[in-house]
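Residues per chain, in single letters:
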Amino acid sequence: MENFDSLMHGFSIAISVPHIALMIGGVLLGILVGVLPGLGAPNGVSLLLPLTFGMAPVSAIILLSSIYWGALFGGSVTSILFNIPGEPSSVATTFDGYPMARDGRATEALATAFGSAAFGALVGVVLITCLASWIAGVALQFGPAEYFAVYFLAFSSFIGVGGAPPMKTVVSLAIGFAIAAIGMDTVSGSVRLTMGVDELVKGINFVVAVMGLFGIGELLIAVEEELHAKPVSSTIDWRTLFRTIAGLPKHWVALLRSAAIGCWMGITPGGPTAASFMSYGIAKRVSPRRANFGKGEAEGIVSPETADHAAGTSALLPMLSLGIPGSATAAVMMGGLMIWGLNPGPALFVEQKDFVWGLIASMYLGNIVAVILVLLTVPIFAALMRLPFFILAPLIFNVCVVGAYSVSNSYLDVMLMMGFGVLGYLFKKLDYPLAPLVLAIVIGDKAEDAFRQSMLMSQGSLGIFVNNGLVTTLVTAGFALLLLPPLFRSIGLWRNARR
Amino acid sequence: MSFTVKFTATLVAGVAVFAIAPQAGAWTPTKPIEFIGTAGPGGGTDNFTRAVQAAIVKNKLVDQPIVVVNKPGGSGAEGFTYTKALTGDPYHLVFGTSNAWSQPLVSKVAFNYTDFTPVAAMVQDEFLLWVKQDAPYKNVQEYLAAMKAKGSSAKMAGAQSKDTDETLTRLIGKAAGIKFIYVPFKSGAEAAVQLAGGHVDSHVNNPSESVGQWKGGTQRPICVFNTKRLPDTGKVTATRGWQDIPTCQEQGLNIPLFQQPRTIWLPLKVTDEQTAFYVDLMKKVQQTPEWKDFIEKSVQTNTFLSGDAFTKYEMQDLEQWKKVATEEGWLVK
Chain A
1 MENFDSLMHG FSIAISVPHI ALMIGGVLLG ILVGVLPGLG APNGVSLLLP LTFGMAPVSA
61 IILLSSIYWG ALFGGSVTSI LFNIPGEPSS VATTFDGYPM ARDGRATEAL ATAFGSAAFG
121 ALVGVVLITC LASWIAGVAL QFGPAEYFAV YFLAFSSFIG VGGAPPMKTV VSLAIGFAIA
181 AIGMDTVSGS VRLTMGVDEL VKGINFVVAV MGLFGIGELL IAVEEELHAK PVSSTIDWRT
241 LFRTIAGLPK HWVALLRSAA IGCWMGITPG GPTAASFMSY GIAKRVSPRR ANFGKGEAEG
301 IVSPETADHA AGTSALLPML SLGIPGSATA AVMMGGLMIW GLNPGPALFV EQKDFVWGLI
361 ASMYLGNIVA VILVLLTVPI FAALMRLPFF ILAPLIFNVC VVGAYSVSNS YLDVMLMMGF
421 GVLGYLFKKL DYPLAPLVLA IVIGDKAEDA FRQSMLMSQG SLGIFVNNGL VTTLVTAGFA
481 LLLLPPLFRS IGLWRNARR
Chain B
1 MSFTVKFTAT LVAGVAVFAI APQAGAWTPT KPIEFIGTAG PGGGTDNFTR AVQAAIVKNK
61 LVDQPIVVVN KPGGSGAEGF TYTKALTGDP YHLVFGTSNA WSQPLVSKVA FNYTDFTPVA
121 AMVQDEFLLW VKQDAPYKNV QEYLAAMKAK GSSAKMAGAQ SKDTDETLTR LIGKAAGIKF
181 IYVPFKSGAE AAVQLAGGHV DSHVNNPSES VGQWKGGTQR PICVFNTKRL PDTGKVTATR
241 GWQDIPTCQE QGLNIPLFQQ PRTIWLPLKV TDEQTAFYVD LMKKVQQTPE WKDFIEKSVQ
301 TNTFLSGDAF TKYEMQDLEQ WKKVATEEGW LVK
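In the order they appear, the protein sequences are chains A and B. Following the working numbering from start to finish, the first sequence increments by one per residue and tops out at 499. Following the working numbering from start to finish, the second sequence increments by one per residue and tops out at 333.
Next up, chain A with everything else stripped away, as it sits in the complex (with noise of 0.2 Å):
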C-alpha cells in the first residue's frame, strides 16, 4: 500500500503540461532514432543529454526514457520491414516478423510487435511498483558463477531453435565465440585477435555485424532470387490493425509466459537481449503452434517483444537501485543521474522519493502515449514496403553503410559490415542458423568472463557451479532443456526401431 500511494504522489509530479510535452517529443525523437539503425537509443541519449544539463531532473528522466521507449519501438519497425535489427534485443523478432512482412502483411506484423510490446513493458511496470523495495536484493544474489549459468541457460534454451542440425548450430556458435573474443580481453588485459589490425582493439560491434548479416546478407539473397522485382502489395487497413490489436489476447499464454520470462531476465540481470532469445526458443519448444515458427507465425511475434519490453522495463529497476545498468542505453542515463547531481543507488529510494516515483509514474504515461504514436504512424512504415524493389533496395543499403559508419565514425566498420554481409549471405545459401551465431556475438564474452571469474574465485574447481541452490537450479535448467529433447528423440527412435 505504501508503494500505491507514493505512485499516486508519482503521477502527480509526472502529470504536468510540460512533462507531457517532454513526452510526446522524446517519443517522437526515439522512433526516428529506433527507425534509423546505426543511430539507436544509446546514441539518441547521449547526443541529448547536454540539453538536460539546465532541467530538473525529474524532467530530464522523463525526457530522457521517453526517447527509450520511443527507440525501443521505432527497433522493431526495421527489423520487421527490413530485416535490419536496430538494438540486439530486436534481433529476434527478425525471425517472423520479416517473414510475415514479406507475406504482405506488414500493418499485422507492426501491430502485432507494438501491442505484445506494450503488455510487456506495462507487466514490467506494475511489477516495479509492486515489488520495488523488495527486488532489489535479488539481483545481488548474483556472482559470476550465477551470471555464467543465466548465460548457460539462454545458448541451452536456443540450442535446436530453427530445426537446424545440431552440429550446424555448434559450428553458427563456434563462430560466434571467436568473433565475440576479439579485442581487449578483461580477464587477462591482453588484446587478441586482431590480426594486425589495430583498431580492432575495440571489437566487433553488434550493430556492425547484424546489419551486414542480416540487411545486407538478405539483400544479396532478394537480388538473386529476384523476387522483390515486384513491390509487395500491402493496403494500409486501419481495420486489419484494430483486428490484430483486439486479437492479441488470443495469444494470452504466449504474452503471460513471455512477460515472466522477460521480468525474471530483467531483475537478475540478464538482460533483455537474452531475454527475447530465451523466450522466442522456449515459445518454439512448446508452442501449439511450434511448426508455423520462422514463416510468419504471430506468437513468433508476440513472445520476443513481449519479453524484450517486459525485460527492458524490469531493468531500470537494477539500475536506480543497485548502480547496475541493464543495457547501454541505462548506462547513459545513469552518466545523466550523476551529472544532476543523484547517486545511483538503494539510497535514492530514500532520498529522492520525487524522483523515484515520479519517473515510475511516467513509465506509465510514457508507454501508453509511445504505443498511441507508433500506431498512428503503423500505416506510414507499411506503406514504405510497397516502394519497388529497384528504390529500396539502394535504399537499404545506404542505410546499412550509414548505420554502419555510425557506430563509432570509422570506415574499419563499414568494410567488416559488408564482410558479414557476404557471411550471412553464405550462411543462408548453406542452410546455416544465423541466430546462435548473433546470440554468441551478443552475450558471448561475457558469458566467457563469467565463466574466468568463477575460476578465479573457486581456484579452478567446477564445484563452483553447484555451490547453492539458485546456481545449481540454473545449471540443472540449462542441461535440461540441452541434453531432454534428443534424448527423448533417441528414445522415440529406439521404440520404433523395436516395434
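Don't read these hints as lab results, they were simulated from the structure. Each residue gets a CB set at the ideal place from its N, CA and C atoms; glycine is no exception. A couple of the hints might just be wrong.
So, partial list: chain B residues that the calculated Cβ filter (under 8 Å) puts toward chain A [to be verified]:
| no. | residue |
| --- | --- |
| 1 | Val57 |
| 2 | Asn59 |
| 3 | Ala77 |
| 4 | Thr81 |
| 5 | Lys162 |
| 6 | Lys179 |
| 7 | Val183 |
Place chain B on chain A using the hints.
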C-alpha cells in the same frame, strides 16, 4: 594641432592594436569540438569528461558546441588509438587517466603517451578499501588478520586487469603478506555490486563508484590511501562522512599515497596556440561553480598540472608503473 590629433589617433590605434593583438593572434575554435571519453558511460572518466563539458556549456566558455563521445573499447585503447590518428586536428580532445602511459606497458596496444600533446591533469581520484557492511572486522588490522587466515582464498574485486585496482591489490598483498585472488570486472560499479552480494571480500573503488552503496548500507570504507584524511564534506550516512575514514597508514597498512590522475590530451602536431587555448580553457573550467560541485560530490582532489609540471609528474608515475609491472611480470615487449 593636427599633429597632436594625428599622433593621438595613431597612439590610440596603436594601443588598441596592441591590446587586441594577443586576442587576434590567439587561436579560437571555429568548429564543434569533440571530447573523447576513454571509458563507458557512467564510469569515473565519463563523469569527468561530462563535468568538463557541463562547466563549459553552462558558463558559455566556448562559442562552439561540444560533443562527448564514448570510446571505451579495449579498456580505453579504442579512444586513444582513434585520437592518435587525428594528427594536427585541434577539435578532438581525449580524456583518460594514467592509462595513457600505463596501458602501453602491460598490453600490446597501438599507442603510447608520446603520441599525444598533453593538455592538463585536472584531478586526482582517491582510492579506499571497502568491505561488506555486515563484515565482522572493525578496522584495517582485523581485516588484514581475517584475510591472512583465509590463506590463499581472500578475494579482491576490481575494474580491469593490470590497471590501478590490480596494482593497488598487489601493493596491499605485499605490504601485509597476503596472497589475494584478484577478480577483474569491467568496471568499479560491477565490483561494488559483487561486494554487496558477498561474492568477494573487498575492493578498492574510488569514492564516487561506491558512495551510493555506502549510503544504502551495503558496504563501507575502512581506510583511504592518502597521507591525510579526506576533507570534511558533511555526513554521508547518518553517522559518518568521508572525513571520518582513517588513512590506511594510520591503521598500520603502509601504503601512504595511491591516487589516479585524470588527464586531457590533444593529438600530436597541433600548434602551441591551440594547446595554450585549451590549457587556458581548462583553467577557466576549474573556476566554475559546476566544477567545484563536481569535485565535492565525487570526493576527488583538485589539482592542475600542465606543461613541464605535467610531464614531470608523468615521468615519476611511469617509473612507479615500470617497477610494479616488472615485479609482477606484466611487461610486454
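Against the structure, the hints come out as follows:
1. Val57: holds (6 Å)
2. Asn59: violated (11 Å)
3. Ala77: holds (5 Å)
4. Thr81: holds (6 Å)
5. Lys162: holds (4 Å)
6. Lys179: Violated, because the Cβ-Cβ distance from Lys179/B to chain A comes to roughly 11 Å (cut-off 8 Å).
7. Val183: holds (5 Å)
In summary, the structure is inconsistent with hints 2 and 6 from the numbered list given earlier, while agreeing with the others.
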